[in-house]
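There are 2 protein chains.
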Amino acid sequence: MAGALLDVKPTPILKEELDIVIPTIRNLDFLDMWRPFFEPYHLIIVQDGDPSRTIKVPDGFNYELYNRNDINRILGPKASCISFKDSACRCFGYLVSKKKYIFTIDDDCFVAKDPSGKEINALEQHIKNLLNPSTPLFFNTLYDPYREGADFVRGYPFSLREGVPTAVSHGLWLNIPDYDAPTQLAKPLERNTRFVDAVLTIPKGTLFPMCGMNLAFNRELIGPAMYFGLMGDGQPIGRYDDMWAGWCMKVICDHLGYGVKTGLPYIWHSKASNPFVNLKKEYNGIFWQEELIPFFQSAVLTKECTTVQQCYIELSKQVKAKLGKIDPYFLKLADAMVTWVEAWDELNGKVDVDQQ
Amino acid sequence: MAGALLDVKPTPILKEELDIVIPTIRNLDFLDMWRPFFEPYHLIIVQDGDPSRTIKVPDGFNYELYNRNDINRILGPKASCISFKDSACRCFGYLVSKKKYIFTIDDDCFVAKDPSGKEINALEQHIKNLLNPSTPLFFNTLYDPYREGADFVRGYPFSLREGVPTAVSHGLWLNIPDYDAPTQLAKPLERNTRFVDAVLTIPKGTLFPMCGMNLAFNRELIGPAMYFGLMGDGQPIGRYDDMWAGWCMKVICDHLGYGVKTGLPYIWHSKASNPFVNLKKEYNGIFWQEELIPFFQSAVLTKECTTVQQCYIELSKQVKAKLGKIDPYFLKLADAMVTWVEAWDELNGKVDVDQQ
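Quick note, the sequences are listed as chains A and B, same order.
For the first sequence, full-length UniProt numbering gives the first residue as 1, with consecutive numbering after it.
For the second sequence, full-length UniProt numbering gives the first residue as 1, with consecutive numbering after it.
Note that these hints are calculated values from the structure, not bench results.
Bear in mind the structure is a predicted one, so any value in this text is a computation, not a measurement.
Possibly wrong hints are sitting among the right ones.
Derived DEER-like restraints, expressed as beta-carbon distance ranges [as the list claims (entries may be wrong)]:
hint, chain 1, residue 1, chain 2, residue 2, range
1, A, D32, B, G117, 33 to 43 Å
2, B, P40, A, D114, 36 to 46 Å
3, B, D59, A, G257, 54 to 64 Å
Not close to chain A: a few residues of chain B, all C-beta gaps over 10 Å, as computed [claimed, not checked]:
hint, residue
4, P115
5, I120
6, G246
7, A321
We treat Cβ as the ideally placed atom computed from N, Cα and C, and that holds for glycine.
I would like the entire structure built from these sequences, with the hints used as guidance.
Structure below.
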């Protein structure tokens, strides 16, 4: 397998092809720890909350910063699709990036160490994940067959060994796991200490909870589907921004034949958010997800949907038709999905949204 | 989650409820290394090849041994469904067992060590896997949510957190990976040195290559589907016994709502089989699997199939109807599938095969 040899070559760092998107409300001191890994890259900082506040960025980083005023100015009325007072605002960074790849990370995530004590270059592993194919059509029991020292096992169809392009790389978290408020409340002391040395493709037709804390994707392949929804200020829900994006994105990747990987790299998630505050934000989502999951599990896109934009618009129609009855919020969300795609095309050159 | 507490209790060893099935053609010296872990259990040894040969079993093990003469005597004309000169013969052990659980292992598999150097009790881990539920309906990014130190992550629907009963636990191999002949030939020196500390559920609707080297299952839940097919002597194919069983079993587990786990435990696979011999055995399978996989991926069982036997008979009909055109071998195999279920019911008490 040619792919299996990739790991022994140096990983391309894609310096000119990748933006790091960071949503924040505070000074970005956490970047000091990431300096050896992030300094070659361009950062897009999306400042949430009070735009008059000044966010300090450590010296030496190349960045652009957008606050709410900038978002309103750039998007005009379409700014309504970008959430406020919620990390969902990060997707504005995806919109204004001009690069092929995005890595997004939360400002409470630090460099983790592997079991040998070596600091993990999370971004390098994401790049490996994105540059190697995915295998969504059949499960490989030795996990990612393209990693050094691994391959496809006996019984894996040869016709599927080329894999498919990888659209998304979902990284994990040591220390504070990404639990919901009820689990946080029930297990306040639980820490994730298990380093699982694996990358695997989420099979076609399978949904998963995508966390936005440590996430990379190929913007050219899947960018317009990475909308983090309407959350936070003025909305009846929070902390479902990444979940929403993950469900929409996965349905579209499955339809278009792209792969989604999860596993390595780990980051060190430093502190748990307040479970009481989280419960308030998640409350509706906990109920709604029971209907959202079956909706996404059964969502079918027609053959006519051949671009991410077309898929996303089609999905927004299904959201309106089928989820509107849960709560009027979903009617508003469906409209925002359309606005998002319009904003995407406006900023990224209209592709084919008028073929709908 | 109550399930998450299971790991802190001692794992039940199920001494009276589990048989270890070993297919072999040689003296079972490998059992000496497994003594601390296997000695409490009853072994079912299925002697392949020349029945006049005597297989030596180390002292102190409690076992019953069946050679080809025994198989012919016990099954009469139905013995035709049990393969000869192929490890597929192991499924005869599943048939004659009276226990709830089966662990099957090859005689070239030794005790592996975890990264801390501790010897791995593979059977104990299989029991943990089988006694904890599976989560085939939605992927959990922190892997098995029922393990100590893990749980369901944010965005995992609460209605799915009870999981479903686990039918199969598929363990992995350090040292010699389970590669097909072409991969063995291309990578003669490759060894699996990556210890991945994870157990995960293979999602519903996803097929995988099940290896019979290190495998455990709940015989009451899925036994009649664990038929290893017609391989070896007189057949045009070998080394697809476990694959065949895995594909049939997975389709039936998905239909009946049972789970299949893969990952831990590892065993140490000591020596690679001869790739040239393997290529001869696998030759047809390598072609045929390209059509078998789509067949199993699209196989649908009707609502009327409510028992494993009914599902298996229905699947045999579809094999006959849809795979017979690939090669007459599949007509014979479809008949053998029916014979197998008849033999199962004969030895295990007729359940409901006459309701078909």
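Results for each hint:
no.	hint	verdict
1	A/D32 / B/G117: 33 to 43 Å	37 Å, holds
2	B/P40 / A/D114: 36 to 46 Å	37 Å, holds
3	B/D59 / A/G257: 54 to 64 Å	58 Å, holds
4	P115	7 Å, violated
5	I120	16 Å, holds
6	G246	8 Å, violated
7	A321	22 Å, holds
The earlier numbered hints that this structure contradicts are 4 and 6.
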